[in-house]
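Novice: Assemble chain B with the ligand onto chain A, guided by the hints.
Listed below are the residues making up each chain.
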Amino acid sequence: MDLLPSDDQTQIVDTIKSFLAGEAPVDRLREHGAIGNPDAALWPKLGELGFLGLGLAEELGGIGLSASEEMLVFREFGYHLVSIGIFGIVLGARVAAVAGDDALRDELLTGARRVGIANPRGAAAGPGPDAQDYHLFEAADASLVLLVDEQGAGLLAREDFVDIESVHSTDSVLTLERARLAADKPRLWVARSADNIHSRALMLLGAYAVGLGEGARDMAVDYAKIREQFGKPIGAFQAIKHICADMAMRSEAALCQASFASLVMADGLPDTDFHAVASKIVATEVAMKNAAANIQVHGAFGFTSEANAHHYLKRAHVADLLWGSLREQRERILTFPTPA
Amino acid sequence: MNLDFTAEDKIFREEARDWLQANVFKERRPHGGEAMRAYDLAWQKCQYDAGWAGVSWPKEYGGMGLDLTRQLIWYEEYARAHAPDNHLCFVGLNHGGPTLIARGDEAQKRTHLRPILAGEKIWCQGFSEPNAGSDLGALRTRAVIDGDELVITGSKIWTSHGHLSDMQELLVRTDPDAPKHKGISWVIFDMKTPGLELRPIEIMTAPNHTHFVQCFYDEARVPLANVVGGLNNGWSVAMSTLGFERGTAQIKDQIRYAFLVEQMIERARARYGSEYITHDELGSRLAQLRADMAAARAMTYMVVSRAQHDIGGSLASLMRAMVGDVQQRVRRLAFDIIGADALENPEDDDWVYFYLRSYAQTIAAGTSQIQRNIIGERVLGLPR
Ligand SMILES: Cc1cc2nc3c(=O)[nH]c(=O)nc-3n(C[C@H](O)[C@H](O)[C@H](O)COP(=O)(O)OP(=O)(O)OC[C@H]3O[C@@H](n4cnc5c(N)ncnc54)[C@H](O)[C@@H]3O)c2cc1C
Chain A
1 MDLLPSDDQT QIVDTIKSFL AGEAPVDRLR EHGAIGNPDA ALWPKLGELG FLGLGLAEEL
61 GGIGLSASEE MLVFREFGYH LVSIGIFGIV LGARVAAVAG DDALRDELLT GARRVGIANP
121 RGAAAGPGPD AQDYHLFEAA DASLVLLVDE QGAGLLARED FVDIESVHST DSVLTLERAR
181 LAADKPRLWV ARSADNIHSR ALMLLGAYAV GLGEGARDMA VDYAKIREQF GKPIGAFQAI
241 KHICADMAMR SEAALCQASF ASLVMADGLP DTDFHAVASK IVATEVAMKN AAANIQVHGA
301 FGFTSEANAH HYLKRAHVAD LLWGSLREQR ERILTFPTPA
Chain B
1 MNLDFTAEDK IFREEARDWL QANVFKERRP HGGEAMRAYD LAWQKCQYDA GWAGVSWPKE
61 YGGMGLDLTR QLIWYEEYAR AHAPDNHLCF VGLNHGGPTL IARGDEAQKR THLRPILAGE
121 KIWCQGFSEP NAGSDLGALR TRAVIDGDEL VITGSKIWTS HGHLSDMQEL LVRTDPDAPK
181 HKGISWVIFD MKTPGLELRP IEIMTAPNHT HFVQCFYDEA RVPLANVVGG LNNGWSVAMS
241 TLGFERGTAQ IKDQIRYAFL VEQMIERARA RYGSEYITHD ELGSRLAQLR ADMAAARAMT
301 YMVVSRAQHD IGGSLASLMR AMVGDVQQRV RRLAFDIIGA DALENPEDDD WVYFYLRSYA
361 QTIAAGTSQI QRNIIGERVL GLPR
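If you read the protein sequences in the order shown, they are chains A and B. Position one of the first sequence corresponds to residue 1 (full-length UniProt numbering), numbered consecutively onward. Position one of the second sequence corresponds to residue 1 (full-length UniProt numbering), numbered consecutively onward.
Chain A with its partners taken away, still in its complex shape (with noise of 0.2 angstroms):
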């Protein structure tokens, strides 16, 4: 038993912190404004370094690591706010090859093409917007929008959703649209017993909400070290010392438990479900407070666009809302068997 990656998973986690320093500092999205994401130019890259197959089997074309090695990418992808597109591309490149379709595999894997994300926006019955009425994220560029919930996972074209209609995003470098579906069904689909597409979702997106906390943590201490009031740093005082501890301590929890349920998920355990709701649980919660203590810990200017500040925070939200948001996911966890 060890929860700390081998040297192996160490030199993967080195190559894809390196690889986005370079390529996708958290300051682009400053210079890049409200427009969309510029992060579609990382994904060729990213597929040529291997990145997109990273946890798919060597016999459905991908690198044939484990959920662990995938874990520990995603959350450097959220360490630096890359595009949650990327959680198309991955997962609907596994939906492809779980499926059969071969020539979208490769290509996807490939990074040549763009996968939106359908998010629902409503619920089954009431008033509101009802089952048929999702959010389409990082879709406007995209021929393939995913789809996952409890059931499976699944691709469907941009043309299966009617009704487009693009809107303000609160998290403006994502481009978000509200989109009604049409379609009977997708045109590939993945049944969760064939590939638990939608625990492994969640756990990734654990991964990348852990990523998202220590993104902030680290914005929050490195400005409490620098940052001077009263003639002294402001980490001095106990009140943003004990900020960014706390900080720490979330984080410290999130990641332990997104290793675990990773590790979990990776040997076919039969508390994969359990543990990737929990980790989303904690995480995308981790994120959320995490993100509001660092625009804390930065005064006023944590409260511009100028500082990255507010893009966790935003992120931390949308990772929340997407595949069920924190009160659905409690409401779920409940109905588990007690783990072992």
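Worth flagging that the hints you see were computed from the coordinates, not collected in a lab. A couple of the hints might just be wrong.
Stated by the list, open to error - Heads up, simulated DSBU-like pairs for lysine-lysine below, C-alpha to C-alpha not over 35 angstroms straight-line:
| # | chain 1 | residue 1 | chain 2 | residue 2 |
| --- | --- | --- | --- | --- |
| 1 | B | K180 | A | K232 |
| 2 | A | K17 | A | K289 |
| 3 | A | K225 | B | K182 |
Keep in mind that this is a model prediction, so the values were computed, not measured.
Specialist: For chain B with the ligand alone, kept in the frame of chain A given last:
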């Protein structure tokens, strides 16, 4: 990164599970007094006699000489079997003993380690003083060398179970002229030494439960040979002890709490109905705790993983500080699940008692504020 246990680990787990299932004490543990002492010693002796005490302690001192992974497995099975928490043995098993193993001389190890494991001696901790709590380095209890003895005068306070203990790990000032942290020594103190007087202090859980005492030392004499780790080295010896308390010693508790949350879910369902709690605030808190306990358990795995790679140190504060808060939330929720009946404090129900006790979780063994100072300064590198 892996969750693999070796074949031997698995056999160890099965044997531990079987033994615990057959031997765990079924009677409820008394909340205080000699009855509690007798119970805790008997349960410790039962484990020792069957060869299950001191999983990671060296064999030559009565332990099993196994690695931390086995220790983790033992704790997991221990909690799963609902084995009693023999808290009186805590200081001996988790501070005194490990400190002697790390820093004691051969004679000290030979004399003191086996009786701890065998359920013969209870140890207590004499660190805090009326004017030295969080600022432990400010301690003033004096020890003057007289021939081959130390003559101790002063007072310790908040000594848990001091009135039920045989031995004490005692911090004294042996060089009053040295800088604060330099003149301290760590001493093995026999609680039967003449010159020691105890004053019981009642705690907030119930009127008749004495948990800790104040100790008054009036020229109490201890052999110099009882100094551990060298004269005036007490601070560094004490820090290794606190390291144990803040790290691996928490593992068993973590796992126990995860099981407790499961029990709470059962009880809430029985009392209010499954459907109701799912949509109620109680359900939402239970759900969050269920996830948090999974994370807390993963944190214990991380502590063991780090220890195996010889990293850790101040990182253990992350878990310690986190679990203090989480455990308080668990106890508060347990209290809330009982509903109005929580205003009764019945003898046969631990939940109210432990709710009240949980207020100590963020004070004892370094307050949560001190833990956050440590995290801020030593883990994150923030300025003092
Ligand atoms: C149930 C229980 C059992 C105990 N058992 C033992 C035992 O067996 N042996 C033993 O030696 N001791 C024992 N203790 C004592 C324990 O170690 C001390 O209570 C603890 O170290 C805090 O010291 P204090 O109580 O004097 O509080 P203080 O140090 O007076 O603290 C009071 C408040 O001030 C805060 N504070 C103090 N300094 C700082 C700072 N620098 N920055 C921010 N906040 C600060 C604290 O966090 C706390 O909230 C026990 C305590 C409890 C509650």
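Novice: Would you mind marking each hint as holding or not holding in the structure?
Specialist: Comparing the hints with the structure gives:
no., hint, in the structure
1, K180/B x K232/A, "26 angstroms, holds"
2, K17/A x K289/A, "24 angstroms, holds"
3, K225/A x K182/B, "30 angstroms, holds"
Hint compliance for this structure: every hint is met.
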